[in-house]
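Line by line, the protein sequences give chains A, B and C.
If you use my numbering, the first sequence corresponds to residues 1 to 342, in order.
If you use my numbering, the second sequence corresponds to residues 1 to 342, in order.
If you use my numbering, the third sequence corresponds to residues 1 to 342, in order.
Please note that the accuracy of each hint is not assured.
Below, computed lysine-lysine pairings styled on DSSO-like, alpha-carbon distance capped at 27 Å [said to hold, decoys possible]:
id, chain 1, residue 1, chain 2, residue 2
1, A, Lys83, A, Lys69
2, B, Lys326, C, Lys321
3, C, Lys83, B, Lys299
4, A, Lys266, A, Lys315
5, B, Lys315, A, Lys299
6, A, Lys326, B, Lys326
7, B, Lys50, A, Lys341
8, C, Lys326, C, Lys315
Honestly, the hints are just simulated from the structure, not real lab data.
For clarity, every value in this text was computed on a predicted model and none was experimentally measured.
Here's the letter readout for the chains.
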Amino acid sequence: MSILFTQTTAAAVAKAVGAREIFGDASTVIKNFCGIDEISEGSAVCLEDKKYAELILNSAAAVIITAEKMDTGKVQILVEKPKEAFITLLSFLYPDKPVAYTRAPTAVVGKDCSIAAKVKLDAYAVIGDSAAIGEGSIIGAHSVVGDNVSIGRNTVLFPNVTVYADTVIGDNVIIHAGTVIGADGFGYRLEDGRREKIPQRGNVRIGNNVEIGANVTIDRATLGSTVIGNGVKIDNLVQVAHNCRVGENSVLIAQVGIAGSTTIGKSCILAGQVGISDHCVIGDNVIIGAQAGVMSNTKIPPGKFMWGSPVQEMKEEKLTKIYLRKLGSLVRAVEEKLGVKI
Amino acid sequence: MSILFTQTTAAAVAKAVGAREIFGDASTVIKNFCGIDEISEGSAVCLEDKKYAELILNSAAAVIITAEKMDTGKVQILVEKPKEAFITLLSFLYPDKPVAYTRAPTAVVGKDCSIAAKVKLDAYAVIGDSAAIGEGSIIGAHSVVGDNVSIGRNTVLFPNVTVYADTVIGDNVIIHAGTVIGADGFGYRLEDGRREKIPQRGNVRIGNNVEIGANVTIDRATLGSTVIGNGVKIDNLVQVAHNCRVGENSVLIAQVGIAGSTTIGKSCILAGQVGISDHCVIGDNVIIGAQAGVMSNTKIPPGKFMWGSPVQEMKEEKLTKIYLRKLGSLVRAVEEKLGVKI
Amino acid sequence: MSILFTQTTAAAVAKAVGAREIFGDASTVIKNFCGIDEISEGSAVCLEDKKYAELILNSAAAVIITAEKMDTGKVQILVEKPKEAFITLLSFLYPDKPVAYTRAPTAVVGKDCSIAAKVKLDAYAVIGDSAAIGEGSIIGAHSVVGDNVSIGRNTVLFPNVTVYADTVIGDNVIIHAGTVIGADGFGYRLEDGRREKIPQRGNVRIGNNVEIGANVTIDRATLGSTVIGNGVKIDNLVQVAHNCRVGENSVLIAQVGIAGSTTIGKSCILAGQVGISDHCVIGDNVIIGAQAGVMSNTKIPPGKFMWGSPVQEMKEEKLTKIYLRKLGSLVRAVEEKLGVKI
Chain A
1 MSILFTQTTA
11 AAVAKAVGAR
21 EIFGDASTVI
31 KNFCGIDEIS
41 EGSAVCLEDK
51 KYAELILNSA
61 AAVIITAEKM
71 DTGKVQILVE
81 KPKEAFITLL
91 SFLYPDKPVA
101 YTRAPTAVVG
111 KDCSIAAKVK
121 LDAYAVIGDS
131 AAIGEGSIIG
141 AHSVVGDNVS
151 IGRNTVLFPN
161 VTVYADTVIG
171 DNVIIHAGTV
181 IGADGFGYRL
191 EDGRREKIPQ
201 RGNVRIGNNV
211 EIGANVTIDR
221 ATLGSTVIGN
231 GVKIDNLVQV
241 AHNCRVGENS
251 VLIAQVGIAG
261 STTIGKSCIL
271 AGQVGISDHC
281 VIGDNVIIGA
291 QAGVMSNTKI
301 PPGKFMWGSP
311 VQEMKEEKLT
321 KIYLRKLGSL
331 VRAVEEKLGV
341 KI
Chain B
1 MSILFTQTTA
11 AAVAKAVGAR
21 EIFGDASTVI
31 KNFCGIDEIS
41 EGSAVCLEDK
51 KYAELILNSA
61 AAVIITAEKM
71 DTGKVQILVE
81 KPKEAFITLL
91 SFLYPDKPVA
101 YTRAPTAVVG
111 KDCSIAAKVK
121 LDAYAVIGDS
131 AAIGEGSIIG
141 AHSVVGDNVS
151 IGRNTVLFPN
161 VTVYADTVIG
171 DNVIIHAGTV
181 IGADGFGYRL
191 EDGRREKIPQ
201 RGNVRIGNNV
211 EIGANVTIDR
221 ATLGSTVIGN
231 GVKIDNLVQV
241 AHNCRVGENS
251 VLIAQVGIAG
261 STTIGKSCIL
271 AGQVGISDHC
281 VIGDNVIIGA
291 QAGVMSNTKI
301 PPGKFMWGSP
311 VQEMKEEKLT
321 KIYLRKLGSL
331 VRAVEEKLGV
341 KI
Chain C
1 MSILFTQTTA
11 AAVAKAVGAR
21 EIFGDASTVI
31 KNFCGIDEIS
41 EGSAVCLEDK
51 KYAELILNSA
61 AAVIITAEKM
71 DTGKVQILVE
81 KPKEAFITLL
91 SFLYPDKPVA
101 YTRAPTAVVG
111 KDCSIAAKVK
121 LDAYAVIGDS
131 AAIGEGSIIG
141 AHSVVGDNVS
151 IGRNTVLFPN
161 VTVYADTVIG
171 DNVIIHAGTV
181 IGADGFGYRL
191 EDGRREKIPQ
201 RGNVRIGNNV
211 EIGANVTIDR
221 ATLGSTVIGN
231 GVKIDNLVQV
241 AHNCRVGENS
251 VLIAQVGIAG
261 STTIGKSCIL
271 AGQVGISDHC
281 VIGDNVIIGA
291 QAGVMSNTKI
301 PPGKFMWGSP
311 VQEMKEEKLT
321 KIYLRKLGSL
331 VRAVEEKLGV
341 KI
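Same shape as in the complex, but just chain A (with noise of 0.2 Å):
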């Protein structure tokens, strides 16, 4: 999956955006297409943000895609809204490479598996018996599916990936490097003072269009399953616990542990390093800020934006930290006024 940089041109790049109009030559070559940092003779760049305006005219772009027109002899080309142009210029100028659906001679395959005729196993990867992989999916080098695992359409596990027996996977995910979903929940029962361990019986069962992260751990339910919804976007590092339920379209950003039977709405958004522990219901459309912390067995209401640890509303929590600052005069304050020694 290495980029490629199709060369082109200018009339080429504004019709793919869908352009309102071009100003300049049109038939300038595209040398590369870059950030404001990295510009250099023929680059093309995406004018986002007017704060960068002089610095992209006074640099070598040779042309601009921008909202408005401005007063320079580069190439313009002009769009609603440069942000999206700069998403489709992503996949115009570097296209996917085509992949070739072959089958490493390394690969290997158990005993009663479904795999779709158009699936690419490439070296080293390890497939179980009994498991289903569906039309258009890659199991990537070293990838380890393991028995009785179900694999939509078009879904890509990037190398060195491991999902345990049982996992029920959907259409278009994507699985990035040194993942692992279906490992065992964290379950033990106390007895003498040694830990027994709970069998851990359940799946994971991970829903369509998710992309998840590297290196993030899925946990496997006790009995039943753990639960990624559809469109669920998980970043690197982050550890979901057995029986989780992670509503649809929510966003969990990195290094983010939600403890055992946390219940996680729909189009919620869990900034990093977050905490969630167990038996928690998070409602939907909640956003809950970076490094916060959420107590066992909490309810959050849909649509709260919640802070700090324990979460408070953000608002609450803003004034907190704002308050905490002040800490000092108010110290010293009440030390003075009232006589005391705090």
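Fit chains B and C to the supplied structure of chain A, relying on the hints for placement.
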């Protein structure tokens, strides 16, 4: 290791859990065993908390494992402790699939190894030179066992585990996928603004009956050993630095990080995302609440229950957090009554 | 890479550390070299801190490396800096095992690669198309090097590392097991409540003399490069998001997370579990204390020592934390003296 359900009868279940009585048709077939969220026709379900009684009684469940007889036509299996019956039934109804102790032809074994007869080496397992693996152990697909590693009996490495050279692992240990044991400790010497690596020449020693989650990292000692005691349970994404010692039966919950040369006593519990700095000494039976932080060189006496960052006793930290929420009214009271502006 | 102990004499050790004097029998055989916790008959041990003098004098140690002569019959090797002698002896007494630069027959190499003659490819290493690997480098078992990746000289990838396509890695770099370099940055565009993936078309560039711990994740840039400067040291389980730049010789301690487009200056130290949000600019020589949090778009001038969440200057944060512990007495004083209920 996929999960098989063993269809059986209420009578067999009652026997398995040592029920004191059974009401209703003991020959009733149990079609599945599940939590209260997933009851379907013919389910057996444990009533562990009375608040779910009505939900279960009104469900399609065929069999209820419960502590007290209820007024219902469903089959009831009466036990002392439904929670323990639940755990027993996880294994009884979903037994471990028998393991075939075979060596995959693609497994690579180095020179001078001592591998017991009944050891399973999965596809592409790589064993270094002079390694020893005891009876009943399993090395998962793509797992790498370094030179001179010693692994005891009945120990399981899931796929994609990396065990660096010289590591010693005991009996009945479980290591989940993606975990890395024995990487170099993070040690440098500052020299003219650059950091020179301090050689890391020790190892990691892991006791018996330890379970280590997925994508955990436990670093080798600079000299001597990083030690994980018998019965320790480590959740996913935990970091244990060089020269740490974790005492017997302690529990490290997900995303805990422990810095170099820190000693954790026996039977401690470190909750999720706790960070412990270097050279701390944590006594036996200490519990540290989620997201807490322990500063360098801190000593915590045995039996303490700590929280906060930096930690103080749980009781105090709870008060601190309560007062913190009152800061606004405190500031307002002082401003009003004392005529000052904080 | 297992560790071998080279049995030798006190005289040889004295020479290796450039000792200024040796007392006692220089021909004494050193049976092992260890920390103060593991002294046995014939051990050599460094006395780095006087408080351990008595412990060592009363131990079975045969040889002491120390700064000042003591009153003992043991062999004493006098040096200026025992800590540096300790580091020297780690390599002298436990030398690196010589590496055989061979290519395992099971290593898979793609088309159009440029792999130097003296490169070690371990079992099942997978190298993509058009990759380049310089003289003296080692690719560990099961590591995957993507298409078009460039790896310099004397660089070591431990097992189970994944390097995505287009990554550039310098000379003398060490990457520990399970680490993932170049996975897609976490970028989506919200559209009708669903998140559409923003293509991630940049790469990761890693300088020379970098060490990266186990299970780290460093994401590729959306466009351009995520950059890890020369001499940077990264501990285990760290997350570096897309388009970040980490300046030369900076240190990221375990479980640090850095969000997208943040720039870290040169020679910074981010302590364990620090979280830095997106688009921050951290100046050179900044130190950030453990578990601290830096909010989006924060700029920190060079040389600052910061702590807290959100960060403030260390001095202020320490005061805040001290006052926080006094909140109870503050509330009580105000309630008593002012007759109010907080």
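Structure-based check of each hint:
1. A:Lys83 x A:Lys69: Holds, at roughly 16 Å.
2. B:Lys326 x C:Lys321: Roughly 16 Å between the alpha carbons, so the hint for B:Lys326 and C:Lys321 holds.
3. C:Lys83 x B:Lys299: Holds: C:Lys83 and B:Lys299 sit about 24 Å apart, inside 27 Å.
4. A:Lys266 x A:Lys315: With Cα atoms ~22 Å apart, A:Lys266 and A:Lys315 stay inside 27 Å; holds.
5. B:Lys315 x A:Lys299: holds, 23 Å
6. A:Lys326 x B:Lys326: Within the cut-off at roughly 13 Å; holds.
7. B:Lys50 x A:Lys341: Distance ~52 Å between B:Lys50 and A:Lys341 Cα, so the pair is violated.
8. C:Lys326 x C:Lys315: With a Cα-Cα distance of about 17 Å, the restraint between C:Lys326 and C:Lys315 holds, given a limit of 27 Å.
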